[in-house]
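Asker: So you can see what is in the structure, the chains are spelled out below.
Number of protein chains: 2
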Amino acid sequence: MSQYNAPLNDMNFLLFNTFKVQDFWQDTPELAESIDVETASAILAESAKVTEEAIAPFSRAADEVGVLFSEGNVTTPDSYKNAYNVVAEGGWIGLAGNPDFGGMGMPKTITAMHEEMMCSADLAFALYPGLTAGACLAINAHASEELKELYLPNMYSGQWTGSMCLTEAHAGTDLGLIKTKAIPQEDGSYDITGSKIFISGGEHDLTENIVHLVLAKLPDAPAGSRGISLFLVPKINIDSQGALTTPNAVSCGSIEHKMGIHTSATCVINFDGAKGYLVGEVNKGLAAMFTMMNYERLLVGLQGLGAAERSYQNAKLYAMDRGQGKGAERMTDKECDPIIVHPDVRRMLLNMRAMNEAARAFGTYVSVQLDISKFSQDKETAKLANAKAQLLTPIAKAFVTDTSLDGCVAGQQVLGGHGYVREWGQEQLVRDCRITQIYEGTNGVQALDLMGRKVAMDGGQTLNLLIDEILEFSLENQSVNGSMMKQLNDSALLLREVTATVLEEAKGDKNAIGAASVDFLHLCGYVFYAYMWAKMVVAVEDESIDEVTTTSKQKTATYFFARVLPRIHSLKLQIESGAELLFDFTADEV
Amino acid sequence: MSQYNAPLNDMNFLLFNTFKVQDFWQDTPELAESIDVETASAILAESAKVTEEAIAPFSRAADEVGVLFSEGNVTTPDSYKNAYNVVAEGGWIGLAGNPDFGGMGMPKTITAMHEEMMCSADLAFALYPGLTAGACLAINAHASEELKELYLPNMYSGQWTGSMCLTEAHAGTDLGLIKTKAIPQEDGSYDITGSKIFISGGEHDLTENIVHLVLAKLPDAPAGSRGISLFLVPKINIDSQGALTTPNAVSCGSIEHKMGIHTSATCVINFDGAKGYLVGEVNKGLAAMFTMMNYERLLVGLQGLGAAERSYQNAKLYAMDRGQGKGAERMTDKECDPIIVHPDVRRMLLNMRAMNEAARAFGTYVSVQLDISKFSQDKETAKLANAKAQLLTPIAKAFVTDTSLDGCVAGQQVLGGHGYVREWGQEQLVRDCRITQIYEGTNGVQALDLMGRKVAMDGGQTLNLLIDEILEFSLENQSVNGSMMKQLNDSALLLREVTATVLEEAKGDKNAIGAASVDFLHLCGYVFYAYMWAKMVVAVEDESIDEVTTTSKQKTATYFFARVLPRIHSLKLQIESGAELLFDFTADEV
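Going down the list, the sequences are from chains A and B.
Using the working numbering, the letters of the first sequence map in sequence onto residues 1 to 590.
Using the working numbering, the letters of the second sequence map in sequence onto residues 1 to 590.
Just chain A, with the same shape it has in the complex:
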């Protein structure tokens, strides 16, 4: 795999020119003192250095080795131990952490960029610190002060990692079916017993302790998802000073052999009367877990983007170097030209580029909403931003990962046979990226969440606000690019029309939402990506932007509107075909 080059220019352009996050930082007491343009740029530059030099060069070899399981222990490749230490010692795990417990308190707009770089460098590796940061979010939001004091500092520092133990063999999407039991003890703790599967980082040799967040049910809990509680269960017990004491009754039964992310340990974790501590309220575990879900799901989107960005970089380099055939206009005077002369190679690369840069912008846009919702002084502003983030997150997870897989496949295709051979690294990106469509809620579940919960349940109100935002933007910026703004305007109206159609159909057909959901999520994705490209085109109007960026953004935006956005027209027709079509078949006939 070729050298990874973090797209720092694009990141700085998005943060400070397109979204002007510095204005919000300056107006926000909690952020004004800790972050400004200079600090943020320095953090990103350092993140680029770490990911380019300490992680990316080892991802290919690490994939060949994978993680090894023997007698309950999981061994990671040696290169991972070095890389993990660099990440931990750099304070990267606590980047967004609560400063009261040793975190750096950085806004999501910054951590999202760091996460993308981590995932470009090595998606499987990025899961260890990524899941730890996620577990910290839940602990910080819901655990007692005592638990926070005992666990957060050592997790932010990377001394211990975290894991999320949700899935059981018979309960994945439908967590209401879980059977893991939590029996209250006299000392206020709980005895946790049950078996969890698909636990990323559930066991490994990177750190001395692992902090599991576990969903379980009390003996008298209500049936289904209303009876789920959340527990903190350390692999090794600790005393009141935080020192390690005895092993807890937690063991790793086996690891999965998977298509990709070979160096991420996906574990069966058995709890045999392990000591656990309640996080949040009894029976409100699912809600507590979902506090961090928006962050985790956005992270999964960034994982997809990370892989697709690396795929683009490899493919671009190959296309500039590999000679085969001749261009209609010759690029060299050799017996063949680099394959970038061929229109279809350009099409593949430009599709990747147009989608990746839009995904990065969209991730930033969602991060902006998350930051406003977390930091804004004004409650109404925060509430609205939260509603927007809730709606946009399943798109940021599922649309970004679906189209990132396409990007990884396209990047592999540019390399032809070499793309299929392991040593070039392109096929690893496809295998690694593929999991992002599946875990943290499959993309089908994300689509149901979007259309069922986020759109239908408020009668389309929040989506309408977002559509209004797009319509206003396109109207305000007609002078920048009239035809582009017109097309943006029309696609937003098309989305509004399709939404109304499905919501109307849903009144009489309980399957209408589900039948439309995935195509609807994709439709939303393309419309928001168009909005992102329009925003970038407006941003380069600023004369301070360098010419390379200006030209690149204008051309790529034009490409997106002409060659990518038209996909919405087929999606509209597919959605309008309705739910009856699917249920005209008996189960056997499907």
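It is worth saying that the hints were derived from the structure and are not from the lab.
Each hint should be verified, as a subset may be incorrect.
One copy or any two copies: either way a pair holds, since identical chains are not told apart in the list.
[Stated by the list, open to error] No more than 30 angstroms apart at the CA atoms, straight line, and that leaves these computed lysine-lysine pairs for DSBU-like: (1) Lys510 with Lys326; (2) Lys507 with Lys555; (3) Lys374 with Lys507; (4) Lys275 with Lys179.
Starting from the known structure of chain A, arrange chain B on it as the hints suggest.
Answerer: Relative to the frame of chain A, chain B by itself:
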């Protein structure tokens, strides 16, 4: 991986009801005596038995072992040796072979069905007999009688296998760049020297000899693709009686470590002054090789379909069994229903089903053209069928494999996390299927072949004949399903319109064809699939067809027209965006 069930019903329905191949067989002297409905059904039933029982059960375990390379030798899994013997002894490799040399002389319509079943059972395994049959085609068409007598019988019987040695490190798509040399010897043979890469089945331990077909250049050959000749180079030399004598100067330098088809040996093959024999005329090697290309490319399409069919079968079984969530209408009285109650799971399965059955029909349609072109007594009929087959083949290769990858990915998605874990087999299908978009000419090259050579070079004449065929068919069968035939008619006209637009643009822009090509190939694919579905709907009008088939075909056709075919509208817009858009970027800017 679950049990494979060969889709015999659908195959028989396509052959004898949809395309009524028995009528052509009966009217064709070369076929009338050797094949009829009964024989053909018996052959397919036997092929189903072999693939279901002797091959499919071992594909998962074989993938884990892969092929091993040591000191020039390649070792295949033990299960492969047994399976290979069953296939060889059953005479399957010579199924389409020339009866004069021990082949069975079966038409392509039959062998295509057999090939699909082989690839569903194990795509990597199917390459060994598949490439042998392909090599036999080229030998039969171009080699001297002496070579045919010496080699074909032992290849048809499976005693020896064949390989195609085209690619070199610097010459893949652009074969004009090859450097392998052929020096004429006094005895009429040639000394072959050069290094070939990506040679499937170039070395293995399944048979005692391997017959390589090698592209090489004579010392005084013209530059580029006009100076390429084709040679037969055995791994072990044989005497005039066909007995093995001394090893030839052919060696395997290494094998590739790949994303998938782990048990297909992809070799570097070195020729160090190896003894070779000219096949066909000097400098006409590429044309000789292309004789078999239509068959090989159709086979690659069938490989994709084979994987997608297996993926559908696994996913369907899982969806009927896995309980998670509840349906809008309950299917059971348990705490959860099988996931087939969920609209989006149905959508994924129906997409797969609608595409797989159309692909099978389309493969049969192309096979019919190949059979007419080979066997018809009437030269004009044969010539027209050949032109149609030439045009349809790149679609059968690239469109079928592109959409089969989508099908494999969808089948994996139905299984959620289990789809990502190796033991369930779904991820193997994705990895195996992925190569079909790359080898035997990447799908981008297929698209160029379609639009540049097959459509533009005859001014759209052959495509127009095919469009006329569709228009006539839709007109003739309006009484069967008026709205469906109207939609078929409209989509054929849309294809005609888009073709005219691009051909017009191509007059002024040399990149117009390349810019449109892949989307154009997909557009053709969807329109021909619609034609196939319409043909099947007309075929079930026959009262002799059982009710299950009739209902299934009618419903799935309705689904295809409503939910899949609309994709053509976006493709049209994408194509119309033109070539300038792609070349507005400098190479650096892409």
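Asker: Could you tell me which of the numbered hints above are not met by this structure, giving the numbers in increasing order?
Answerer: 3
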